[in-house]
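Enquirer: For reference, the chains in residue letters:
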Amino acid sequence: MAYATALAVLADPTRRKVFERLRAGPRPVNALAAGLPVSRPAVSQHLKALKDAGLVEERSEGVRRIYSLKREGLMELRAWLDSFWGDALEAFKLEAEKSHNARGSK
Amino acid sequence: MNDVAVIAPVRKTVRVKAPIAHAFEVFTSGLTRWWPFDHGVGKKPIQKVLMEPRLGGRWLEISEDGTQTSVATITHWEPPHRLVMIWQVNAQWKPDPAMKSEVDVRFAADGPDATRVELLHHKFETMGAEAGASMRKDVDGGWPGLIERFVQEAERSKS
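Taken in sequence, the protein lines are chains A and B.
With our numbering applied, the first sequence corresponds to residues 1 to 106, in that order.
With our numbering applied, the second sequence corresponds to residues 107 to 265, in that order.
Hints listed in this document are in silico derivations from the structure and should not be mistaken for laboratory results.
The beta-carbon is built from N, C-alpha and C at its ideal position, and this holds for glycine as well.
Check each hint, because a few of them may be wrong.
[As the list claims (entries may be wrong)] With a straight-line Cα cutoff of 27 Å, these simulated BS3-like cross-link-like pairs (lysine-lysine) come out:
| hint | chain 1 | residue 1 | chain 2 | residue 2 |
| --- | --- | --- | --- | --- |
| 1 | B | Lys-200 | A | Lys-17 |
| 2 | A | Lys-17 | A | Lys-48 |
| 3 | B | Lys-123 | A | Lys-98 |
| 4 | B | Lys-150 | B | Lys-200 |
| 5 | A | Lys-98 | B | Lys-154 |
| 6 | B | Lys-243 | A | Lys-17 |
| 7 | A | Lys-51 | A | Lys-70 |
| 8 | A | Lys-70 | B | Lys-243 |
[As the list claims (entries may be wrong)] Pair ranges (Cβ atoms, derived):
| hint | chain 1 | residue 1 | chain 2 | residue 2 | range |
| --- | --- | --- | --- | --- | --- |
| 9 | B | Val-112 | A | Ala-31 | 38 to 46 Å |
| 10 | B | Arg-212 | A | Arg-23 | 34 to 42 Å |
| 11 | A | Gly-25 | B | Lys-123 | 41 to 49 Å |
| 12 | A | Gly-25 | B | Pro-185 | 49 to 57 Å |
| 13 | A | Pro-26 | B | Gly-162 | 53 to 61 Å |
| 14 | A | Glu-61 | B | Glu-170 | 49 to 57 Å |
| 15 | A | Pro-13 | B | Gln-153 | 46 to 54 Å |
| 16 | A | Ala-31 | B | Glu-224 | 43 to 51 Å |
[Claimed, not checked] Here are some chain A residues the structure puts well away from chain B; computed CB gaps all over 12 Å:
| hint | residue |
| --- | --- |
| 17 | Gly-25 |
| 18 | Val-29 |
| 19 | Ala-33 |
| 20 | Ala-34 |
| 21 | Pro-41 |
| 22 | Glu-61 |
| 23 | Ser-68 |
Okay, chain A solo, but in the shape it has when bound (with noise of 0.2 Å):
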C-alpha cells in the first residue's frame, strides 16, 4: 500500500529533512542540500526516492528542477494516520454491529 512506502521512505532521518525542507515550498536542489550534512547528489538520490513514493513531485524550470510536496501523496499518508480516535471508534462500530446482527440472526 502507498502509506507503507511512504513510511519506508520518510525512516531515513536526511531525506525526512529533506522532506521537512520542502513544507516551506518548492525549491530546486541546491536550495535543499544548503546545509544539509549530505552531499548534493546524495540529496537528489533522497529526492528520487520521495518521488517514487509519490511524496514529492518535480518540473523543470529553465535548466533547474524544482520540487515540492506532492498533495495528493500526502493525503494518502494522512487519510492512514488522521484520527487515532476516529479510527478506534469506526472500528468498534463495526465489530459492535456485526456482533448484534449475529446474535439477531440466531
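Using the hints, position chain B against chain A.
Expert: Just chain B now, kept in the frame of chain A:
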C-alpha cells in the same frame, strides 16, 4: 508561573446500530475484538489488547512474549452509560503511569436498536503545555505532529 492553559478537548462521536447494553459491552469487555493493534504503546508485536471491565480495571496490551503494558485505568464505571479512563501514555507514545489525560466515553440510546457513543479525550494540559499539545494533535489526527509515529511505524514494519 503556574498558569495552566486549558488545551481544547478532542471529541469524536459515532452512531452504532446496536442497543446500548451491547455497545457498552463491546467497547469494554470486547475491546480485544476491535481495537486496531497498530495503535499500541507497549512492547511489539502485540498479541492481545483487553480491558478489565470494572472500576479500577486496566486497559492492557499483552505482547507476544507475554509482557503486559497498562495503557489506561478506569476511574469511573457506569455501565452501560459511561466510563472514564486515565490515559497513561506520554507524548512519545510510551506507557507512563504519571500521565493523566482523560478519556471519557458516554453511551446514549438512540432508540432501542442504536446508540450514540461520544468520546471525549481531554485534560491534555495535565501533561504539560508542550507534551499535552502534542498528544492532542496526535489523537485528533494532524500534521506534522505524527511524523515521529510515521517513523516508528516505518522502522518497525521495515525490520
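Enquirer: Each hint: holds or not?
Expert: Hint check:
1. B:Lys-200 x A:Lys-17: holds (24 Å)
2. A:Lys-17 x A:Lys-48: Holds, at roughly 14 Å.
3. B:Lys-123 x A:Lys-98: It holds: about 9 Å lies between the C-alpha atoms, which stays within 27 Å.
4. B:Lys-150 x B:Lys-200: holds (12 Å)
5. A:Lys-98 x B:Lys-154: holds (20 Å)
6. B:Lys-243 x A:Lys-17: holds (21 Å)
7. A:Lys-51 x A:Lys-70: holds (8 Å)
8. A:Lys-70 x B:Lys-243: Holds. A:Lys-70 to B:Lys-243 sits at ~22 Å (cutoff 27 Å).
9. B:Val-112 x A:Ala-31: 38 to 46 Å: holds (41 Å)
10. B:Arg-212 x A:Arg-23: 34 to 42 Å: holds (38 Å)
11. A:Gly-25 x B:Lys-123: 41 to 49 Å: holds (46 Å)
12. A:Gly-25 x B:Pro-185: 49 to 57 Å: Because 53 Å falls inside the window, the suggested range holds.
13. A:Pro-26 x B:Gly-162: 53 to 61 Å: For B:Gly-162 against A:Pro-26, whose Cβ atoms are near 55 Å apart, the range 53 to 61 Å holds.
14. A:Glu-61 x B:Glu-170: 49 to 57 Å: holds (52 Å)
15. A:Pro-13 x B:Gln-153: 46 to 54 Å: violated (31 Å)
16. A:Ala-31 x B:Glu-224: 43 to 51 Å: holds (47 Å)
17. Gly-25: holds (15 Å)
18. Val-29: holds (22 Å)
19. Ala-33: holds (21 Å)
20. Ala-34: A:Ala-34 clear of chain B: closest Cβ-Cβ about 21 Å, beyond 12 Å.
21. Pro-41: holds (24 Å)
22. Glu-61: holds (27 Å)
23. Ser-68: Given a closest Cβ separation of 16 Å, the condition holds.
Of the numbered hints listed earlier, the single one contradicted by the structure is hint 15.
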